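Starting from the given sequences, assemble the full structure and let the hints guide the process.
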Amino acid sequence: MGLAKHLLRVFVDTTVILGVILFIPGFPPYNSLEPFTAPPPLAFEGALDPKDYALAKAEKLFEGEIVGPECLEVSPVEPDVFYTTLQGGAIVKISENGKKMKAVAKFGEKCDGNWDGKNCGRPLGIHFNDKGQMIAADSYLGIYQIDFESGQVSNLVNKDTEVDGKLAKTFNSVAPARNGKIYYTVSSINYHLDESVGEMLGAPSGRLIVFDPETNENKVLLENLHFPNGIVLSPDEDYLIFAECLRFRLHKYYIKGPKAGTSEIFLDGIPGSPDNLNLSPDGNIFVALVTVRLPGEFNPLEFMYSQPLLRKLAVRLLHLLKFPFDFAAKYVDLPILRKISSHIMNFETLLPVMPPYSMIIEVDWNGKIVNSWHSNLSDVRFFSDAKIINGYMYLGSPYNDYIGRIKMPDSIHFVKQPVFSLG
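Residue numbers for the sequence shown follow UniProt numbering, beginning at 1 and rising by one.
Result set (BS3-like, lysine-lysine): computed pairs, CA atoms no more than 30 Å apart in a straight line:
| # | residue 1 | residue 2 |
| --- | --- | --- |
| 1 | K330 | K166 |
| 2 | K339 | K322 |
| 3 | K118 | K100 |
| 4 | K322 | K110 |
| 5 | K99 | K57 |
In short, the hints are calculated from the structure, not lab data.
Note that the structure is predicted; figures quoted are calculated from it, not measured.
Here it is as structure tokens:
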């Protein structure tokens, strides 16, 4: 009887405390949360058949020497050379068939470790424009232009630039157009990259924006997106495709024509979270799924999406857990305090519970999946980008300590599309 009474008291006290946390005003998330039901993941059949799990056979280049080679971009003047972006803030150049690496740019300052992105910087998406200049999105610091020939680096969109009265907290991907404009995604205006679990569970706040260097103006094209990510322009640049990572879908946004300024769903029910978008050899779109939804299996993220109060409670508990470390770090210069804080709401904290699976899909310009590559190994996953260079598929990742690489068979079948250049 005494034990039952004690357990009842614990239950009541816990319920009251959680109720106070849940309903107390003036504490994030500030916006009301809506339930969301994602379409079930497409079945692993047809173009999504795993076949021989080709990605599981990936070589691991520079293993242990790097962390988080997020985005891959081929040099416009040296087709055997490519660039990637790393945790710690560096952009590196890879040459000699994946054997040599050299740091070529960094936007941040001296910092205490890869986790210290607010000081180090954390470049994510990179893309060359038609002048051969690299356009780069640093998650914390803004949009940059690098002229490797002259050595000039320009901060085109500063982290302190307000667009429609709001600051970007997580700059993500870029797509420079031939007319000089730069389309880019902001994954969150509420949370920095190392706080992305807050964006994942909270109200969507991502944006699609265009920057015009002639007027130095930014224009919001779409907002209230759930972690928009990779972006690619169509052959004629009359529309673009971008990934909405946490809603498992791709969008099509019209730039020209009678539908200009409008958008529609391009591909839904993707069996995972789409990250970077890149071109396949025949002009289709490679879509890297950084995490995968397995058909027929319980997905905790999708369950949380359907439970707004549970999401709100989880976000508030994470903020409460993070608060003492942030508060102490203001008065005590101990990097360990900031390091702990940076991990509490970080996507990386969730990696151990993610399915041991990874996938690259190839999508044509009609929104049809035409090919896919899979890995069913726990140490060969979390791929965020794919690029074909000299007969190899190179694989980027925001978390892995290597660049993946698989040899593409000579008989590989790509669905033919008109080949084009973005620059």
